[in-house]
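Participant: These are the residues of each chain, in order.
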Amino acid sequence: MPTITLAQGLNEALRYCMQRDDRVVVLGEDVGTAGGVFRITDKLQQEFGEQRVIDTPLAESGIIGTGIGLAIYGFKPVCEMQFDGFTYPAFEQLTSHLAKYRSRTMGKLPLSVVVRIPYGGGIGAVEHHSESLEAYFTHTAGLKVVTPSTPSDAFALLVDAIDDPDPVIFLEPKRRYWIREDVELPVANGDRRKARIVREGTDVTILTYGPSVRTVEDAAEEAAKDGVACEVIDLRWLNPLDIDTIMASVRKTGRAVVVTEAPVTGSFSAELAARIAEDDFLSLNAPVIRVGGYDIPYPPAKVEDLYLPDLDRVLDAVDKVLNY
Amino acid sequence: MKGFVDPGSVSTESVQILKPDGTLVPDHGFDIDLKEEDLREIYRVMILTRRVDQESTNLQRQGELGVYTPVLGQEGAQVGAAYALEPQDWIFPSYRELGFAMLRGVQPSHILHLFRGTWHGGLFDYREHRIAPYAVPIATQCLHAVGFATGAKIDGANTVVIACFGDGATSEGDFHEACNFAGVWKTPVVFFCQNNHYAISVPLSKQTAAPTIAVKALGYGFPGVRVDGNDVLASYVVTREAVRRARRGEGPTLIEAVTYRRGPHSTADDPTRYRTNEELKQWEALDPIARFEKYLEGEGVLTPEFKEQADAEGKEAAAKLRREIVGAGPLDPNLLFEHVYAERSPILEAQFEDFKRDQEDR
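Chains A and B are the protein sequences, given in the same order. Taking my numbering, I'd label the letters of the first sequence as residues 1 to 324. Taking my numbering, I'd label the letters of the second sequence as residues 1 to 362.
Keep in mind the hints are simulated off the structure, nothing from the lab. This one's a predicted model, so the numbers in the text were calculated from it and none came from an experiment. There could be a bad hint or two in this list.
To be verified - The calculated BS3-like cross-link candidates involving lysine-lysine, where the alpha carbons are at most 30 Å apart (straight line), are: (1) Lys194/A x Lys186/B; (2) Lys19/B x Lys186/B; (3) Lys19/B x Lys320/B; (4) Lys216/B x Lys186/B; (5) Lys108/A x Lys216/B; (6) Lys216/B x Lys43/A; (7) Lys19/B x Lys2/B; (8) Lys108/A x Lys320/B; (9) Lys108/A x Lys307/B.
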């Protein structure tokens, strides 16, 4: 079985969709000749031509805005934002138009657009290259939000996002681009609309997604040495959220920790904590504890390790809910 | 100084076919390829636009619309440009484009329901009329127009797209990005700017230091043209040329139609705070319909019967609009949850159930 990286899984997903459907077009900065700064669109322009893999001028609102126009025409654009922090110039097009078009036209002009965004920290980047921006989009009605954590999920979830009739914000955990997995492509989507139970356990549920899944897996392994059985859940889709899998696990363990890179205040982890409490307060033996970024701007590379949730901080949170 | 380009060297002249007194400009240099029935049709739609526009303002004053953005004074610019399009061409409007919509046969109430607060995108069929929903955020539709036109180009379709916006929109980043993308990609799009001199209260002089809006096109590598926007024939011919260029694959054109918004920005605006009555009077004297009427009468194209007929049709459209708007109830509130996504997520479904229960409890 061939070994692929998460980045290759994404690249193969794009190729697979473009081969299947000539309405799928890719646009963004450096996506053509260069194949993208992370090589996610590598060799696609050679295969599909300049009309379907479009190097745009350097303007993010332009990429999303013209993507919307292409979708109204009938194409299925996959737009690339080069980095998380460069998504903000496109915010108006994303929230005022991409998110609302289906609703404001009463379903007459739905927009099937995928916006790929490499996100999160941990690669020693300069300022504006390490943001976790999922809360802006989970807060916006009309957008769907998904993030893979493995190469096979990268392939399957991106194909699923491109097939989706609604706009999807596809968040790529950039520090996990190079993780490997033995995968036979194409991977069928199967039940990937549901959250993935990464590891079963009975003592505490740890909810996480994207780049933090690997961190949490390591922490669960460590906890197991102390006899603590963590159930690790990779959410995959933040919207639509698989609340059933989450609640089934929380009812089983009675304890929940949420681990994300994003700053905790006003975050998607706050949403998860609130929802668990609302849905089944009495199932909890302890408050839901969030482990995430601090409420400070993302730090410079030399000290980013102090900011990102690590094994120790996850284990501290596990201790806290166990000893509440 | 050597090597410096001087903005002062830019011409601020506008293309004009009809002088304000309704006579033809001699040697205007354009082929007027309009038959008598074309001229009458343009006139009919201008009258229709004015009547419906006036009735819309009345309806707002009577509390039937939450707000309205009058088009009074801009009918020539709009109907002339719209008439230059082929039926398959698409229009990406701002929120003040009634003339375009009237030419495409959109039922007025279907637009006005937007202003009544019935549904954000109005109720018309965008694909049938080839008009995108009104865009409220400024200049954002310029990018949609470029994207759509890019799709048409990839598809090899014989479709041209016109993006409509005002002078204020040219300050927005999306205007710049749209022009830049279209210039690079040679997109079949026409940027149609109605310079109506004010962005709410802010005059053009505070909007840009450029000698004209049309000249901005040069920075994007395509032609710009300034036209007398109160001269419907001038608006028609320059748009026709721009549309032909686009259809031939020669790329975009920026048209600056110099006109004047005689009404308020919206019915919530008080223009007496920022402009003089003398200025308004000057522009009233340049009314696009009066000018065109004089020309048509001079040419013997406009008979009293046709004039009467156009007027009666306008009045009937206004009356029909009133009948359809006054007292129209809100749509089924359940529709609010119907089109957010193709399918509701379990969480949204649960909220929908709560919502319906709350409605029943009322």
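Participant: Decide, hint by hint, whether the structure agrees.
Facilitator: Do the hints match the structure? See the list:
no. : hint                : in the structure
1   : Lys194/A x Lys186/B : 44 Å, violated
2   : Lys19/B x Lys186/B  : 34 Å, violated
3   : Lys19/B x Lys320/B  : 35 Å, violated
4   : Lys216/B x Lys186/B : 16 Å, holds
5   : Lys108/A x Lys216/B : 35 Å, violated
6   : Lys216/B x Lys43/A  : 37 Å, violated
7   : Lys19/B x Lys2/B    : 40 Å, violated
8   : Lys108/A x Lys320/B : 25 Å, holds
9   : Lys108/A x Lys307/B : 38 Å, violated
When each numbered hint is compared with the structure, violations occur for hints 1, 2, 3, 5, 6, 7 and 9.
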